[in-house]
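Trainee: Each chain, written out:
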Amino acid sequence: MKVTDIECLKNIANEVRKGIIEEVYQAQSGHPGGSLSCADILTVLYFNQMNIDSEKPQDMNRDRLVLSKGHCAPALYSVLAEKGYFSKDELKTFRKLDSKLQGHPDMNKVLGVDMTTGSLGQGLSVAVGMALASKMDHAGCRIYCIVGDGEIDEGQIWEAAMTAYKNHLDNLCVIVDNNQLQLDGRIDEIAGLDNIRGKFESFGFSAIEVDGHNISNLIDAFHTAKQTKGKPTVIIAKTVKGKGVSFMENKVEWHGVAPNKEQYEIAMKELNSVNN
Amino acid sequence: MKMNLDKKIATRQSYGEKLVELGGKNTDIIVLDADLSSATKTAMFAKEYPDRFINVGIAEQNMMGIAVGLSTFGKIPFVSTFAVFAAGRAYDQIRNSIAYPNSNVKICATHAGVTVGEDGATHQMLEDLSLMRTLPNMKVMCTSDDTQTKWAIEEISKIKGPVYLRLCRLATPIIYDEQQKFEFGKGIQIGDGTDATIVATGVTVSEALKAQEILKGRGIQVRVVDIHTIKPIDEDIIIKCAKETKKIITVEDHSIIGGLGSAVCEVLSERYPVKVKRLGIKDSFGKSGKAQELLNYFKIDADSIVECVEHE
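Going down the list, the protein sequences come from chains A and B.
Residue numbers for the first sequence follow the numbering used here, so the first one is 507 and each next one is one higher.
Residue numbers for the second sequence follow the numbering used here, so the first one is 34 and each next one is one higher.
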C-alpha cells in the first residue's frame, strides 16, 4: 500500500531517523551521518515508489533496492522495520553478537534486504545484473541502487555504468546520496570528485538533480526516471550529512561515530519535536 | 581407463563445448566474459545463445557483481576470464559479493598455472587455489582432462552456491573414457602400487600418469590420486593412501603455498602425520617459455616426479 500524503511521508522519514539514532546509540557504533542523509530517499522508495510487499519479501517480481553504501545499514534497517519486515524493537540489537542486524546489510539474515553490501563500489554491478535479469524474464521489476558520493571514487561504479548504458537498462535507477562528505573530508578535496552529473551523462545516463530531503521533489524525480526509456537514470540527490540532528549536520566527524547518552537525548528531543 | 596420449584437448576447450550443450538443456544458464571469449572458449556459447551471453568488456570486478545480480533472479551465471583476473583482480568482489552471500555463481577460470606459457608471470596464476580455498562457502575444483571437465561443468550447474573451477590453456591427454564415474568431493585412485602415492590435480595428473609408467618400467609401483575437488577435499582417500604406501608426493601447477600440497598436509598433519613431499612452484612467480619447458623448469613434469619418487 503506497503512502501518497507528503506530510505522512515526512513523519515516516522522521521515525526512520529516530530508529537510526536508536540503533547507533544502542550499538555505540555505526554510521549516523550518511544514514541520516539517505533517510528521506529510502522512505520515499519503500513507502511511495517500490512495488514491494513485506508479507511477500521474496516475491520474484518485486522491485529491488541495493544499498551499495552498505555502512548506512541503520537507515535501511530502520525503514524496513517501519515497513513491517521485522519489529522495531530489534533495531536495538544492531551490531550486537547474534543479531541479524549486522554492521553491514546481510541478505541471508534479514528478509527485505535485497543484497549483501559493505565493500564499497560493488552494489551497482549487482543492481545491473538484477536489471538485466528482469529484462531477460520480462519481469517488469525496477531496480534501485543507492550509492554514496564518496563511493563513486571506486572505478567499479563506472564499469557498471557502462554496462547499464550499453544494455539500455531503463529499469535501473541509481541514486547518488550527494552529501558532499566522505570519511576523510570533502569529496572534492579527497579525490577531486566534482561534476557528478556531467560524469554520469557522459556515460549515457539520464541525470536528474534534486533536493534529497524534499519528499515531493524526490517523488517527481522517481516518476521522471520511470518515464525515461532506453537508458538508465541517475538521481543526484543533494543531501546534508547528519540531516535532522542539528549538531551532526554537515559534520564529517559524525561519519562513523555513535552519540553518547547526552547527545542521544538531545538528538531524540530534536526529532521528537518535529512530529509535534 | 587408458590415457590417450594421441588425442589432446585443453580443459578450456572442454568447458566451451560443454557450455553449449548445457545451454541447450537449461535456459537459466547465462555466460559472462570479460573480452576473452575466444581464449576462454565461451565464444561458442555466445554464438549459439547470444541472448544469454554478456560480454562486459575488460571489467572483471563488474562482471562478478553482474553475475551476482543475475543469480538473485534464479539464473545460473558462469563467469569466465583468466584465473589471474578472476581470483586475483576480482578477489574482493568474489569474497564480499559471491562467497559471503553464498551467491549461486560459477567462476570458471582458464589459463591457470605456468602452463599458460609464453605470456609469462603476469598471466600465470599460481595462487588461485590458495585464495579460493580459504573463502567460506566456496567450493573449489581443478579438473584434469576433457571427460572430467565436461562432467564437472554439468555437476556444478546443479550445486547451489559458489564454485571456483580452475581450467588450463595447455592441451592435455584424455585420461578418462566416457564410462568413468566421477563424484564431487571424491578423489580418483589410479593404480594400487604401494611404493608411493602421487597426488595430483589438473594438468599434473597426466604428468603423474606418465611418471607412473616410467617408474613401472623400473620396477617401482606407484599409485596416482587425481584430486579434482580441492575443497571439500577427499580426506579419506588421502589417509587411506598414506597408510597403504611408503611415500606421499603432491604435484601441482600452483604455488606450493596454499594449494593442493598444503591441503593434503592439513589433512595428514591432523589425522595421520607422515612426511609429504610437495612439488609445485616454490614461492616464486612464473616466467615466459613453452608450457612443456616450464613444467620441466619448475620440476612438476613426469621426469621430475620420477626423480622425486626415486631419490626423495
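Derived by calculation from the structure, the hints in this document are not laboratory data.
A quick note: this is a predicted structure, and the numbers were derived from the prediction, not measured.
We put the beta carbon where it would ideally sit given N, CA and C, even for glycine.
Any given hint could turn out to be false.
[Stated by the list, open to error] No more than 25 Å apart at the CA atoms, straight line, and that leaves these computed lysine to aspartate or glutamate pairs for DMTMM-like:
{"no.": "1", "chain 1": "A", "residue 1": "Lys672", "chain 2": "B", "residue 2": "Glu277"}
{"no.": "2", "chain 1": "A", "residue 1": "Lys672", "chain 2": "B", "residue 2": "Glu268"}
{"no.": "3", "chain 1": "B", "residue 1": "Lys214", "chain 2": "B", "residue 2": "Asp125"}
{"no.": "4", "chain 1": "B", "residue 1": "Lys279", "chain 2": "B", "residue 2": "Glu345"}
{"no.": "5", "chain 1": "A", "residue 1": "Lys562", "chain 2": "B", "residue 2": "Asp61"}
{"no.": "6", "chain 1": "A", "residue 1": "Lys705", "chain 2": "A", "residue 2": "Asp676"}
{"no.": "7", "chain 1": "A", "residue 1": "Lys757", "chain 2": "A", "residue 2": "Glu660"}
{"no.": "8", "chain 1": "A", "residue 1": "Lys672", "chain 2": "B", "residue 2": "Glu81"}
{"no.": "9", "chain 1": "B", "residue 1": "Lys80", "chain 2": "A", "residue 2": "Asp511"}
{"no.": "10", "chain 1": "B", "residue 1": "Lys58", "chain 2": "A", "residue 2": "Asp643"}
{"no.": "11", "chain 1": "B", "residue 1": "Lys191", "chain 2": "A", "residue 2": "Asp643"}
{"no.": "12", "chain 1": "B", "residue 1": "Lys276", "chain 2": "B", "residue 2": "Asp228"}
{"no.": "13", "chain 1": "A", "residue 1": "Lys594", "chain 2": "A", "residue 2": "Asp511"}
{"no.": "14", "chain 1": "A", "residue 1": "Lys737", "chain 2": "B", "residue 2": "Asp84"}
{"no.": "15", "chain 1": "B", "residue 1": "Lys191", "chain 2": "A", "residue 2": "Asp565"}
{"no.": "16", "chain 1": "A", "residue 1": "Lys757", "chain 2": "A", "residue 2": "Asp676"}
{"no.": "17", "chain 1": "A", "residue 1": "Lys641", "chain 2": "B", "residue 2": "Asp336"}
{"no.": "18", "chain 1": "A", "residue 1": "Lys606", "chain 2": "B", "residue 2": "Asp228"}
{"no.": "19", "chain 1": "A", "residue 1": "Lys737", "chain 2": "B", "residue 2": "Glu188"}
{"no.": "20", "chain 1": "B", "residue 1": "Lys58", "chain 2": "B", "residue 2": "Glu188"}
{"no.": "21", "chain 1": "B", "residue 1": "Lys193", "chain 2": "A", "residue 2": "Asp643"}
{"no.": "22", "chain 1": "A", "residue 1": "Lys641", "chain 2": "B", "residue 2": "Asp61"}
{"no.": "23", "chain 1": "B", "residue 1": "Lys249", "chain 2": "B", "residue 2": "Glu216"}
{"no.": "24", "chain 1": "B", "residue 1": "Lys193", "chain 2": "A", "residue 2": "Asp612"}
{"no.": "25", "chain 1": "A", "residue 1": "Lys589", "chain 2": "A", "residue 2": "Asp700"}
{"no.": "26", "chain 1": "B", "residue 1": "Lys40", "chain 2": "B", "residue 2": "Asp61"}
{"no.": "27", "chain 1": "A", "residue 1": "Lys735", "chain 2": "B", "residue 2": "Glu268"}
{"no.": "28", "chain 1": "A", "residue 1": "Lys602", "chain 2": "A", "residue 2": "Glu759"}
[Claimed, not checked] Just so you have them, the derived chain A footprint on chain B, three or more residues with Cβ under 8 Å:
{"no.": "29", "region": "75-89"}
{"no.": "30", "region": "96-109"}
[What the hints assert, rightly or not] On the chain A side, residues computed to face chain B include the following (Cβ under 8 Å):
{"no.": "31", "residue": "Ser625"}
{"no.": "32", "residue": "Leu638"}
{"no.": "33", "residue": "Glu707"}
Trainee: When the hints from earlier in the document are held up against this structure, which numbers fail?
Mentor: Hints 1, 2, 3, 9, 16, 17, 18, 19, 23, 25, 26, 27 and 33 contradicted; others consistent.
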